[in-house]
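Novice: Given next are the chains, with one letter for each unit.
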Amino acid sequence: MESTVEQESMAVLVIEPRTGYIQVGWRELWASRELLYFLAWRDLKTRYAQTAIGAGWALMQPLLSTLIFTLVFSHLAKVPSDGLPYPLFAFAAILPWSLFARSLERSTLSVVTEGGLIKKVYFPRLIIPIAATFINLVDFTVGLLILMGMMTWYQVLPQWTVLFLPLFVVVALLTALSVSLWLSALNVKYRDVASVVPLMTQLWMFASPVLYPASLVPESLRWYYGLNPMAGVIEGFRWALLGKSAPDWTMVAVSLVVVGFLLIGGVMFFRRVERTFADLI
Amino acid sequence: MSNIAVSVTRLSKCYRLGTTHAQDGSLAGALTRGLRRLINGQPASPQTQDTLWALRDVSFEIKKGEVFGVIGTNGSGKSTLLKILSRVTEPTRGRALIHGRFCGLLEVGTGFHPELTGRDNVFMSGAILGMKRQEIARKFDEIVAFAEVEPFIDTPVKHYSSGMYVRLGFSVLAHMDPDILIVDEVLAVGDVRFQKKCMGKMEDVGQHGRTVILVSHDMPAITRMCSRAILLNKGEIVQAGPAHEVVNHYLHAGHIQPAVEWPDPTEAPGNEVVRLCAVRVQTESGTVMDRFDIRNPIDLEVEFDVAKAGHVFVPVFNLYNEEDVIVFIAHDRDPNWQRTPRPTGRYTSTARIPGNWLAEGMMSVSALMMTEDPFRMHVHAPRAIGFRVDDSGAGDSARGDFHGRWPGVVRPLLEWRTKYLPG
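Protein chains in written order, with our numbering: chain V, -6 to 274; chain L, 101 to 523.
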């Protein structure tokens, strides 16, 4: 037997009601990283099955939004765009915003969507919202290619600041994950959450500098503005890619702290209530 | 260190009934409750919630290499025990210790996605069960060969027959090589030949020092394969000991119910086409009974929902006696529905067993739903219900005035004629 050594050293699995502080279970989570990959892969393979233009749908929404925003906000309302061509200004924000919003929506629904699995087999439940969040990187990457095309067209070339891009992508994903950990767990018991989320993302978008530059927000309020982590992310994104006006670093720092707290709280909350998932779904 | 594979101590699970209902489960409900609590300054309002102990103080130990049986009627706590051991749900009290790589499967084909091919699903399902990718890749050919689906392995499983689906699902499970394997009623599906193959594979597993927990209604299988067993009733262990003794106890003590209903369609036996709602045994006038006078007719009834129109179904009852002999298999021959595709909706089919026909004793009934040509088994609810036939000894049954032992699988009151020539 090749795995004899492993078997002998195998720890005893204890099944009992958990009380008090519940550990995150990093080791178990790490051991299940292949499952994370498989869940994401399954989602990708099945999402566009039997559609005519397949992944084209992923691009339709950000492109259409950019077009409409350009018409309405730039041509009609004359919203300033930090001296950049407005379509570029808008698309560079819509891209991280869509990454965030899609991740949040999908991840919030994920636990209930995977109810069939949860009721039938054990695996670290945290994998589900994590997979539902990270899967959106695929659509994002395609969008990024289009953005690069647009940048070439407008002859706006990225500076060294582009090296910061991954940081802001990660913060966008973690923001989505930290909020959806709370919401996906709540959604198991209160299905109202599923209806609230689209509403919430819509309002959230107006509270983020997607359509307008953060420079429109008065200096005195910037600190509070940073409480919305997506404000820092989007400003940072524009800076990293398009190189204009560096983000307010205080704002970014506040954003990071907020995400940190939401994430830690979210993981703890999720671990607490995941025990009841199978009984409630 | 020890030779114990699984040790369970006072394991209990309590469900609060009603917590999932709208009144409690909506956000508005929770908010108003919280608000009221704040305003009134009272602690949690006295909630008159019903509780159900699905499992209560269950303790047992399973040795390494043992094949262990768990039996009981529907709702006796078997599934809850299984769910706790496979860590799908958490116990309310008590603990279980599991030594070794463990695989609990509550359903064959868990993690299968209809749009994915057989090949993709083998990897997907394997990953969910905790196998590493290389491990699945190594065993892939073996898994597919065992399931006998080689020609279709690159076809999406939505095009599979239910038999192929189940075979592939079981095959993934069987090739996991766990130290401890839990198998639910899963083997009840699929054709008889494959069932035998599965049984063979499981016995194999048992002989290689693996521990198997077998949950089944199939009493001969339990007696043949298991060394020891427990019998659950209403969440508690009624009997534990050598498998054949526990099985005997089960068959004779009448732990059998005359009606079973599945109010929750997701729990009901069935597939995407047809699902059972209820199976019952009742008198001519429709009263559910668990004891029948041998002289009276007995109605077997199955209620089912057809979710997809256009399929031809035959409801089937298999009736077993307490020696587990099949007394009869009855296919619905209602001329209105024979060879007729059924529209969606709820159906109730009743089969009448004439009075003075069955023998005395415990009977158990499996309900099935099949298409005869081409053959396809849609649903199999094994030993769903049971009842007892008694002879009151009134003298007008086949027994007459004889009160001794009376063997025989059936006991018809035949039509006797006598020719007499006076001497």
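To be clear, the hints were calculated from the coordinates, so they are not data collected in a lab.
Heads up, the beta-carbon is just placed ideally off N, CA and C, and yes, glycines get one too.
Just so you know, not all the hints are guaranteed correct.
Facing chain L, a subset of chain V residues (Cβ under 8 Å, in silico) [stated by the list, open to error]: (1) L6; (2) K38; (3) Y41; (4) V114.
Novice: Could you run down the list of hints and mark each one as holding or not?
Specialist: Consistency of the hints with the structure:
The interface hint given for L6/V is met, as the beta carbon of that residue sits about 4 Å from the closest beta carbon of chain L, less than 8 Å. Hint on K38/V holds. Least Cβ distance to chain L is approximately 6 Å, under the 8 Å limit. Hint on Y41/V is violated. Least Cβ distance to chain L is approximately 10 Å, over the 8 Å limit. Because the smallest distance between the Cβ of V114/V and any Cβ of chain L comes to about 5 Å, under 8 Å, the interface hint for this residue holds.
Hint check: a violation occurs at hint 3 only; the rest are consistent with the structure.
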